[in-house]
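Participant: Sequence:
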Amino acid sequence: MKIRPEILDHWPEVRARLPAGFDLEATARLRGAFTRVREIKNAETLLRLALAYGGLGMSLRETCAWAEAGGIARLSDPSLLERLCKAAPWLGDIVAALIAEQTKVPAGRFAGYRLRVLDGTSICHPGADRTTWRLHVGYDLATAQVDQLELTDTHGAENLQRLTYAPGDIVLADRYYARPRDLRPVIDAGADFIVRIGWNSLRLLQTNGEPFDLFAALAAQQEPEGEVQVRVHEGMTGTPPTPPLVLRLVVRRKDPQQAQAEQERLLKAASKRGKQPDPRSLEAAKYILLLTSLPATTFAPADILALYRFRWQIELAFKRFKSLAGLDNLPAKKPELAQAWLYARLIVAIIAEQIAGQVPDSPPSGYGNPTGQPPIGKSFALASHEVSSGHHLRRHPRTTAVAGRL
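If you're matching positions, the sequence shown starts at 1 in the numbering used here and goes up one per residue.
Derived by calculation from the structure, the hints in this document are not laboratory data. Incorrect hints may have been included.
[Claimed, not checked] Subject to a maximum C-alpha distance of 25 angstroms in a straight line, what follows is the list of computed SDA-like cross-link-like pairs (lysine to any residue):
#1 Lys286 to Leu305
#2 Lys41 to Glu82
#3 Lys333 to Thr152
#4 Lys286 to Arg248
#5 Lys254 to Gly235
Please model the complete structure; the sequences and the hints are all you need to start from.
Facilitator: Have a look at this one:
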């Protein structure tokens, strides 16, 4: 997904990729992005200017020069800045409509389930030493496309409720999403989850409500992979009382090299802070801990671990958005202008993903066994219309000759 500057020289082809039935003129006026005809004659021209500035990374001055040279519009830098700031919510609507269009693609299934990943990535404005914006992304592993997206400021926390769930969904999420009050709503929506946890992420109990000793359970595990039923303390009181949330804790012992590398990372991080690492953290570094609501009758521990490995695909999506689409090159500090830039960049990036996306079906490391094959009896490869046991690259059927221009 390489965004090339020629994209806006082929505007009819780009325009055809915008959401079907989305009325640019009416929505722009409704949002206050386009209120009167002066330097910019219509909403479509405003969108072209926004994509030139945000999508292609032109400066305000370069965008004005490009627009004048192409006979598109004639306006000054301050005027363009004002227009783009007002257009930010409208550009966000276009991103949402593009995402909604992608969700119409038939989703592939694994044993009747739809696999999705939820994660967030940080974006900083120039000169910032910490997160300025946070992009929350839901990713459909079958279609290899973003199916939900939300842009928040630094106060927008990562949590499972960023996604809208449907029956049959399985959401994969990292340890930042292991929060007690966010788990039950996923199950209530008819979906399931596989969430990685740390040793102190949640307060775990035995199924009878008695305290649960995690490290005693880890020490007692004889096999490399195993599981135990636990109850999550949600800290809720009500009338009538809520039934206990009983889940499966799936545990895999890391190989010695992986465990040592994680322990060294913890020691280095603690040294930088002038502290000693918690001995429990060093012990927990020897294991992978996954909490899931999936039934044990259908999904063995090895299956849960294999499914969770698909989470790496969203990391590649973030890499494409940042390294190739330049999403982390935010040039603006003013919040409204920064939002306009980010939404415009996302519009172009999503269109590029639609045209030229290729995503492998499973992680390069395979399934964590010597043969690299999925567990016997199940196929973990994802496809749009069928399930296949092979490892292959899947090209979207919508790919056209325009791909070379994006």
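Participant: Take the C-alpha atoms of lysine 333 and threonine 152, compute the straight-line distance between them, and say whether it is at most 25 angstroms.
Facilitator: holds (15 angstroms)
Participant: Hint check: lysine 286 vs leucine 305, CA-CA at most 25 angstroms. Holds or violated?
Facilitator: OK: lysine 286 and leucine 305 at ~15 angstroms, within 25 angstroms.
Participant: Take a quick look at whether lysine 41 and glutamate 82 sit within 25 angstroms of each other, Cα to Cα.
Facilitator: Given that 25 angstroms is the threshold and the Cα spacing comes to 16 angstroms, the pair holds.
Participant: Between lysine 254 and glycine 235, is the straight-line Cα distance small enough, at 25 angstroms or below?
Facilitator: Roughly 32 angstroms between the alpha carbons, so the hint for lysine 254 and glycine 235 is violated.
Participant: Below or equal to 25 angstroms on CA atoms is what counts here, so check lysine 286 against arginine 248.
Facilitator: holds (19 angstroms)
Violated hints amount to a single one, hint 5; each of the other numbered hints is respected by the structure.
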